[in-house]
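A.B. asks: Spelled out, the chains give:
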Amino acid sequence: MKNKGIIIFLIILAVVIVVVIVADFTSTKPGKQGENPFLYDVSEFKKVDPALILYKETKDLRIKFDRPAGITYNDGHLFVVGDSLLQIIKTDGTLVSEIALPDAPECIEVAKDTIFIGFKKYLAVYNMAGELGKVWEPFGEKSVITSLAIWNGNIFIADAGNRKVYRYSTNGKKLNEFEGKTSDDVLHGFIIPSPYFDLAVNNEGELWVVNPGNHAFENYTFDGNLRAYWENSSMKIEGFSGCCNPAHYAFLPDGSFVTSEKGMVRIKVYKPSGELSGVVAPPDKFKDDGHAPDIAVDESGNIYALDFDKKMIRLFEPLRALPE
Amino acid sequence: MVKKLIYISFTFTLLLFAWASSGQQRFPKPEFENGYVQPSPVTPEPRAAAMEFFDVIVLLVALSLASYLAVKKRSRQGILWLSVFSVAYFGFYRNGCICSIGAIQNVALAFADPAYAMSITTLFFFLLPIIYSLFFGRVFCAGACPLGAIQDLVIINPISLPRWLRKVLGLLPFIYLGLAVLYAATGTDFIICRYDPFIGIFRMDAEFHMVVLGISFLLMGMFVARPYCRFLCPYGVLLKWMSMFSKWHLSITPSKCIQCKLCTNSCPFDAIDFPTNEKEVISTKSNVRKFLIYAILIPVWVVAGGFIGSKSHTFLSKANPNVYLAELLIAHPELKNDPDNIDVQTFMASGKSLETLVGEAKVIRNEFYIGGWLLGGFIGLVIALTLLNQVIYRKREDYQPNRGDCYSCGRCMDYCPVDR
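Residue numbers (numbering that gives the first Met the number 0), protein chains in the order written: chain A, 0 to 323; chain B, 0 to 419.
These are calculated hints, taken from the structure and not from any lab test.
Among the hints, erroneous ones may be present.
Chain B is nowhere near these chain A residues, computed Cβ spacing over 10 Å in every case [to be verified]:
id, residue
1, Pro-49
2, Lys-89
3, Thr-181
4, Leu-186
5, Pro-194
6, Leu-275
7, Asp-297
Just the calculated beta-carbon pair ranges, DEER-fashion [what the hints assert, rightly or not]:
id, chain 1, residue 1, chain 2, residue 2, range
8, A, Asn-2, B, Glu-396, 27 to 33 Å
9, A, Asp-183, B, Leu-59, 29 to 35 Å
10, A, Phe-8, B, Ile-297, 34 to 40 Å
11, A, Glu-176, B, Leu-59, 57 to 63 Å
12, A, Ser-168, B, Ala-348, 52 to 58 Å
13, A, Leu-174, B, Arg-46, 48 to 54 Å
14, B, Met-203, A, Asp-48, 32 to 38 Å
15, A, Ser-83, B, Arg-46, 55 to 61 Å
Note that the structure is predicted; figures quoted are calculated from it, not measured.
Ideal placement from N, C-alpha and C gives every residue a C-beta, glycine not left out.
With the rest of the complex left out, here is chain A (with noise of 0.2 Å):
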């Protein structure tokens, strides 16, 4: 036969056509579905070095809040918001002292003898003795006070609902606002998509705002002028993801940031130049999709984690003494 051997390479060829447009007609039904391709699954990223792990886990204080609120350290002791309650307590776990207050709490700021306890729209500051001094006039409608950090009679405030950080004295008189914007016309300040805002000063006066949009640490002046930042937006274990993290933060004593994110909740260590320095509390530590804990720093550069899910304060000290 003339063309014998093409003849059977067509016919070989047609009949891979037939099977495979039959097999994948019959397969790709309902219910015969295999894997799920488009599964959103980060499993990966939750895997972390061990080597990267810089801090143990060395004791957790129960604490009775059914919804804790926020956490900071001062002089020995840590200072607990939550429910309609404050609570001193002392690192080894020793209640100290227990404060009805007239709101849920949002967020606490210690300085020497004054507590400012941040509400959902103002400020009250009490004395350690939990006398109630001074309630501050709301701060609008929209107002949703996330973030409080002292600095030489200076109190600053986050609030997420406006995008705005507040300036006062810490005699409440009102210094200066500011959105984070360079300048009016720029359409974004501070990119804040849920109420996660927090800010701090560190040892050198130096005020960092977190701007969780971008994933950023942003430097101002007290006047509200940018000065730096650093930014990282990655799943892998340098950055920061989703909508908005890192959710809490705060400083070590030589200036690193501890960061604490949501939705992949982990806790990490960065450098002030920004760079990763190591990790304190990987994913698995934490609940899947669970909330990012609160965080407050002694001077020993122990670390105070307020696990909003497992409500407890969980303690994690340094393996060793961090790289300069």
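Add chain B to chain A, keeping to what the hints say.
C.D. replies: For chain B alone, coordinates are given in the frame of chain A:
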């Protein structure tokens, strides 16, 4: 052969440029570098409306140019370069979507479902080649269709298929067209897109089995010229009908045929009709009898086809996800608790009740019943007319392109020694 290699090399170079210029996504994807493979979406990302209209203009220009090159200029060379462009632009750059062939389904669904909105550019892609075919023959197939063009470029050693085989395989496009319209109109599937053998090659992201399908067609196309166009393309059916009545059509010779027979083997698609040999024509009396029998049998074919089609409606409707899911859940209610069954879990998460699903499935199955009658009747009619066509005597004195089957590729023109 050298020329062919030049064309193929040029096409490859163009596709590399298209690949390089495909651009970056507006928002970078997460860095899934740890074993996770990002699946490719089924359809390419949408283009800006302005670009879609630009594509329509490009199609219009390509069709006009193909018409000019085939009918007026008579340039095979020009048509070949146009094919190269179409593969690069409509194929690799535009990722083959939306194409005129697949637009059949959009049109069918738009007719069947008033809630389905079809874009105006899709309608242009569907209509323009048909309109051009009505005036100039299948010039879309000649140089503007990326699927046809990529097959045309790989024709190396075409063999002629026996007439009976061509006739039998030639029924497949009609069946494919009928099924495609039925599945699209019932909202079941766009099977033309799903089984487009070259789309994965154009997008360079095909799954393995689709790569096998595409390569199989291209390998086959080395010996059986344009196998997809001739024996599967459903759009070719519409173009064939239009082209048969085309006002101007490519001709082998620019003036009078000198019967040199040089063109007889030039067409790799067996689309040249030879002059009729009076001696071979069977007696008129016998022919008339056959004609009458076949003509009388037409309604029988249509009814028989419709009956078989209607009886197949249960089987055909199983391709519909709602029908299949309803049957699955009735037969295996325990699957509701199977967390690994994505489709069942998606249905459960929708909040829809099983009764609602079954109600929808019944409506769809009824549509398939009606559609089955129409599909079967259509196929029966096509078979009947194909048989009838065998006994119709058409007198031809010259070598002529078959207006229905000719792709206006212009190969035959190159063989014709008549210059003017």
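A.B. asks: So which hints don't hold here, by number, going up?
C.D. replies: Those not satisfied come down to hint 9.
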